[in-house]
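Peer 1: Sequence:
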Amino acid sequence: MSDNEKFIPMSYWQWEMMAQEERQKLIEDEIELCKKLQAEAEWKDGFPNEWLKCHSFREAVNRTPEDE
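Residue numbers for the sequence shown follow my numbering, so the first one is -18 and each next one is one higher.
Quick caveat, the hints were computed from the structure, so don't treat them as lab data.
Please read all numbers here as calculations on a predicted model, not as lab measurements.
Beta carbons: idealized from backbone N, C-alpha and C, even for Gly.
Check the hints yourself; a few may be wrong.
[As the list claims (entries may be wrong)] Label pairs and their calculated CB-CB ranges:
id: 1; residue 1: Leu14; residue 2: Tyr(-7); range: 30 to 38 Å
id: 2; residue 1: Ser(-8); residue 2: Ala20; range: 39 to 47 Å
id: 3; residue 1: Gln19; residue 2: Pro(-10); range: 28 to 36 Å
id: 4; residue 1: Ala20; residue 2: Ile(-11); range: 41 to 49 Å
id: 5; residue 1: Pro(-10); residue 2: Ala20; range: 30 to 38 Å
id: 6; residue 1: Pro(-10); residue 2: Asp10; range: 23 to 31 Å
id: 7; residue 1: Lys17; residue 2: Gln(-5); range: 31 to 39 Å
With the hints as extra help, turn the sequences into a complete structure.
Peer 2: Written as structure tokens, this is what we have:
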């Protein structure tokens, strides 16, 4: 049996499900990081400095450069 015969490619659906699970894991990891940064950060002007660097938090509060 050749190597090509041993390899069974995933269907598009299997590939998409795997990708979706991976994206969900990355989102959950980012949320955990945000929570950790929130707990550890020093607060300034009502916002913790390090937490503001977190993409999810910036997105959640819709801060813009004009808000700075």
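Peer 1: Next, verify each hint and record whether it holds.
Peer 2: Status of each hint after checking the structure:
no.: 1; hint: Leu14 with Tyr(-7): 30 to 38 Å; in the structure: holds (31 Å)
no.: 2; hint: Ser(-8) with Ala20: 39 to 47 Å; in the structure: holds (42 Å)
no.: 3; hint: Gln19 with Pro(-10): 28 to 36 Å; in the structure: violated (43 Å)
no.: 4; hint: Ala20 with Ile(-11): 41 to 49 Å; in the structure: holds (46 Å)
no.: 5; hint: Pro(-10) with Ala20: 30 to 38 Å; in the structure: violated (44 Å)
no.: 6; hint: Pro(-10) with Asp10: 23 to 31 Å; in the structure: holds (28 Å)
no.: 7; hint: Lys17 with Gln(-5): 31 to 39 Å; in the structure: holds (33 Å)
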